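Trainee: Listed here are the chains, written in short residue letters.
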Amino acid sequence: MGKHRRPHILVTGAAGALAQQVISRLKEDCDLVAIDFREQVYLGDDIPSYCIDFNKRVFEDLFRRYEFDGVIHLGRIQSSELTRMRRYNANVLGTQKLLDLSHKYGVHRVVVLSTYHVYGAVAYNPALIDESAPLKSAGLSADLIDSVELENLANIYLWRYPDLNITILRPCNIVGPGVRNSISTLLAGQNAPVLAGFSPMMQFIHIDDMADAIVKTYQKPTRGIFNVAPEDWVACQHALKLAGCRRIPIPSVPPIIPTVILRALKLRRFPSYLMAFFKYPVVIDGRAFAKEFNFKPKRPLKEIFRFYRDNKEPV
Amino acid sequence: MGLTSLIKSKLVSPALEEHVNRIQKPIGSLGYDPWGYNNEAIKYGFGLLKPIYERYFRVQAYGVEQIPSEGPVLIIANHSGQLPIDGLLIGYALASRKENPRIPRAMIERFFPTVPWLGNLLNEVGAVLGDPVNCAKMLANNEAVIVFPEGIRGSGKLYHDRYELKRFGNGFMHLAMKYKAPIVPVGVVGCEETIPAIANIKPLAKALGVPYVPVALPMVLPAKVHLNFGPPMYFDDREIPEEQVTERVEAVKAEINRLIDKGLSERTRLF
Chain Y
0 MGKHRRPHIL VTGAAGALAQ QVISRLKEDC DLVAIDFREQ VYLGDDIPSY CIDFNKRVFE
60 DLFRRYEFDG VIHLGRIQSS ELTRMRRYNA NVLGTQKLLD LSHKYGVHRV VVLSTYHVYG
120 AVAYNPALID ESAPLKSAGL SADLIDSVEL ENLANIYLWR YPDLNITILR PCNIVGPGVR
180 NSISTLLAGQ NAPVLAGFSP MMQFIHIDDM ADAIVKTYQK PTRGIFNVAP EDWVACQHAL
240 KLAGCRRIPI PSVPPIIPTV ILRALKLRRF PSYLMAFFKY PVVIDGRAFA KEFNFKPKRP
300 LKEIFRFYRD NKEPV
Chain U
0 MGLTSLIKSK LVSPALEEHV NRIQKPIGSL GYDPWGYNNE AIKYGFGLLK PIYERYFRVQ
60 AYGVEQIPSE GPVLIIANHS GQLPIDGLLI GYALASRKEN PRIPRAMIER FFPTVPWLGN
120 LLNEVGAVLG DPVNCAKMLA NNEAVIVFPE GIRGSGKLYH DRYELKRFGN GFMHLAMKYK
180 APIVPVGVVG CEETIPAIAN IKPLAKALGV PYVPVALPMV LPAKVHLNFG PPMYFDDREI
240 PEEQVTERVE AVKAEINRLI DKGLSERTRL F
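Protein sequence lines correspond, in order, to chains Y and U.
Heads up: the first sequence runs through residues 0 to 314, numbered per numbering that gives the first Met the number 0.
Heads up: the second sequence runs through residues 0 to 270, numbered per numbering that gives the first Met the number 0.
Chain U with its partners taken away, still in its complex shape (with noise of 0.2 Å):
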């Protein structure tokens, strides 16, 4: 116990205490939600992300306002940099924004949770297993939920490939539409720069069950991150055609690609 009130002494000040209980999240007696969201662990999570936040990529996050304060919202963003570093900078930026801020839960690979302790520890700060029904059920219980469209086709890009958006999956429109969930884009720039991979060893991924083994430094470079938010996109939910739901995916990824330029115009140096 000592040592348990020693590391939240320095992680958690009563500050953050105070900023995260002021967020309401549906959680039981014990402080979990159906996906492991605890609300103790987000404090550590939240304690132990912000100087890597504030001092080691050096966010600057604008338009993080536009996301509503309240309701069912699907935050939809380009995917880069082989580990999901960009999901942590986006769900801070939301969760510590001083006006209505909102815990977001951020859709994971498939993978994970077969990892022993990290699968648990990203439950426990909101991550959740990217499956329909989870994020159906989610954006029912009114939460705003992260969602990279490219999978592992984007964290996986190499470096040559920075920026160049890949193929957006639809099923998050399907969903948005359905739960009338306004869509937030948000462009994602420096993440890229974080772990630039100039290969991937498959038939090394393919021995170890894991989606990509890149060739890349062992380390996770200080690259300056820019978050642009968009404004909210809404979407109606007539019965259209697959095609006519790709056409409006293809508005969205439009609209990333914008804020992701503007992001790389407003940078001025990678570090």
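Next comes chain Y alone, as it looks inside the complex (with noise of 0.2 Å):
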């Protein structure tokens, strides 16, 4: 081992472009581990990585192998993906073995990625949230319950396992190239269908200051739960318009009538299930982990649409 030992990280949802990200800022200083659940994905030759399901036995190979100091878990499944059935065991069954195995081999750093999905969407929402708000998704949406179940679980491991040092990041809609969530996609393509008359208020974050912020994070033990947002926002409609979106209107009252038309469509980019987030405004307020891990996002958002508006995908 020597006395320099470089720290063993794990880390979740490889295939994922964040976590490459992640991975590429963090690999001069570190011996890093990757793993996702969908796909192998080749890192380079110093950077093992696995096709692996958190739930199997063999994953616990990885913990004895490895000797991990830190888990940076990105592999949540979202929303879009897989059956309700298979998130749960995979993000709220998947997450409790990952930190029961943290916990048994000595891990000392856990960061945690979850959404401000978790929030939830509804019209009485205040501006600027703060991370004690209450998270009303579960109750609005049973495809959001999976997401919520995840950060309870860290929550409690947070609490009953401190040595953990888990810290969650809940950050606002994470875009930019390579990112293939539903915003992403959405901001992607060329149209956008979008709800008539409502527009909520917006904030995202560049993929590359997520990166940073995500390094940052795993860099200062300051166990707890943060917001991830920069402090500039912009209405759901304008963004689309600055993206080069041509929006497509839905009737938006009475709500049972674009709940239908989303569900019959099935568009991965504007599922039913996220209709309230581009009705009512979920904004959070990051300023405390701004100052926290003294975070400062570079990427305006003028720049995010440009790169949406300059590479539009092919009709």
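Some clues are possibly wrong.
[To be verified] Among chain U residues calculated to face chain Y with C-beta under 8 Å, some are: (1) Gly27; (2) Tyr31; (3) Trp34; (4) Gly35; (5) Arg109; (6) Pro112; (7) Thr113; (8) Trp116; (9) Val132; (10) Asn133.
[What the hints assert, rightly or not] Within a straight-line C-alpha distance of at most 27 Å, the following computed DSSO-like cross-link-like pairs (lysine-lysine) qualify: (11) Y/Lys26 <-> Y/Lys297; (12) Y/Lys240 <-> U/Lys42; (13) U/Lys223 <-> U/Lys49; (14) Y/Lys301 <-> U/Lys24; (15) Y/Lys290 <-> U/Lys24; (16) Y/Lys215 <-> Y/Lys103; (17) U/Lys7 <-> Y/Lys301; (18) U/Lys42 <-> Y/Lys301.
By construction, these hints were calculated from the structure, which means they are not laboratory data.
Here the structure is a predicted model, which is why all the values come from computation and not from measurement.
From the three backbone atoms N, C-alpha and C, an ideal C-beta is built for every residue, glycine too.
Taking the hints as your guide, dock the two standalone chains into a single complex.
Mentor: This is the structure in structure tokens:
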């Protein structure tokens, strides 16, 4: 091992663009192991990469073999992927397994990536929601339950096992090159459905800035829950306009009409369970994170939307 | 683009543009703030409201210079007239004053964000969902916030109850104390006559999910409006029982009553 043992870090969700950005920032100084439940990705000769299900017994072998010091858990399966049941197994039970193993094998730093979706979009949301606000999402959509449950679980471990040093990050919309989530797909498309008459305030963070935020979080062991969002805001329809999308209004009242239309269309970029997020604002307050981790996003909104405008997918 | 610039040239004069740009607001790179205020939309709103304020309601605003030029401040007024016209007129009076203009934020009914187009439109010109967290965060941001402590009890009142103040909530006083924000009381006279209602169809309001459905003429009457701004009232942030908070609220209410009486005595005719 030697006197200066490089930190060993497990990064989950390795097939995603965000994990790869985080890996590229950490690989100089750390020994990384990348895993993903979806596919095995090649990340260079010096980074072992596995396609593995957290709930399988072989997962524990990784902890035995690599003696991890830290875990960066970015492998949350998004609500647009898989079925509810499989997502629950992976996100909730899989995370529990991951945290149990982390505790058993003496991991002393865990970063968990959550989402601002846990707050839930309702008409009565105040702006600049802080971390202590109730998580209304589970009561609003069955498709977001696993996201809230994942957080609850991480929270329980945060208090029960302080030595794990868990930090949970709740970022706003992560966008930018390579990001495959719903909002990024929506911005990248030629046509974007919108709810007629609704243009809630939204926040976007560039994938590079988010990767920086995760690395900064890993490097400073402050436990707790933090929103991550730049201090910049834009109305949803204005954002789509800047990204060069042709906006196609869907009738918005009574609410059952857009629900029926979106369920029938089954659009990945505009799923019916995220409809409320295109109707009511969920504006989070990222100031606590910015202060604690000395974080300042570098990519302005205009640059983000210019990227989408210049890189439209072929029709 | 042609149409947009045409509308802009008609509505937004260079003087108005300069006037609005002079007012510094904490906004992001695309001109928005977290509550949806938009620096461009406010110019259109301002341009549209100018003739309504000056020619339709012929508003007389007295003492608007008493609103501090900076720092958090709560502007507390009586609410009336079914639609939030009073909020718009108070906002315009402060935003258009020659010395140290400010664009205030108005706390609006919880029902508005659910209305397509209107909800966003109100947000863009500075109106914000009436939530204590919103009000607190805006005071922390040094905003001037317009609050109608009567809420829908005030705006939905019938014509025979005009100029009779309904119960005031205590929330605004707690916020004023916590954020050391002075309270500027305002007596609004004239808005009661803009949409005089003789009854409220409660079952229909319930069925539609709206606060009230007034029986009134389907138009806004051009009543002359008097706005009387009182001197700022300061309250310390001592820990006091709710009873004493209510006493402080009553003091503000009494001052608003005095300002309403002043407006009523100054008024020579309804229209």
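Trainee: All hints are to be evaluated individually against the structure, with a verdict given for each.
Mentor: We went through each hint and held it up to the structure:
{"no.": "1", "hint": "Gly27", "result": "4 Å, holds"}
{"no.": "2", "hint": "Tyr31", "result": "5 Å, holds"}
{"no.": "3", "hint": "Trp34", "result": "5 Å, holds"}
{"no.": "4", "hint": "Gly35", "result": "5 Å, holds"}
{"no.": "5", "hint": "Arg109", "result": "6 Å, holds"}
{"no.": "6", "hint": "Pro112", "result": "4 Å, holds"}
{"no.": "7", "hint": "Thr113", "result": "5 Å, holds"}
{"no.": "8", "hint": "Trp116", "result": "4 Å, holds"}
{"no.": "9", "hint": "Val132", "result": "4 Å, holds"}
{"no.": "10", "hint": "Asn133", "result": "4 Å, holds"}
{"no.": "11", "hint": "Y/Lys26 <-> Y/Lys297", "result": "22 Å, holds"}
{"no.": "12", "hint": "Y/Lys240 <-> U/Lys42", "result": "20 Å, holds"}
{"no.": "13", "hint": "U/Lys223 <-> U/Lys49", "result": "15 Å, holds"}
{"no.": "14", "hint": "Y/Lys301 <-> U/Lys24", "result": "20 Å, holds"}
{"no.": "15", "hint": "Y/Lys290 <-> U/Lys24", "result": "22 Å, holds"}
{"no.": "16", "hint": "Y/Lys215 <-> Y/Lys103", "result": "25 Å, holds"}
{"no.": "17", "hint": "U/Lys7 <-> Y/Lys301", "result": "23 Å, holds"}
{"no.": "18", "hint": "U/Lys42 <-> Y/Lys301", "result": "22 Å, holds"}
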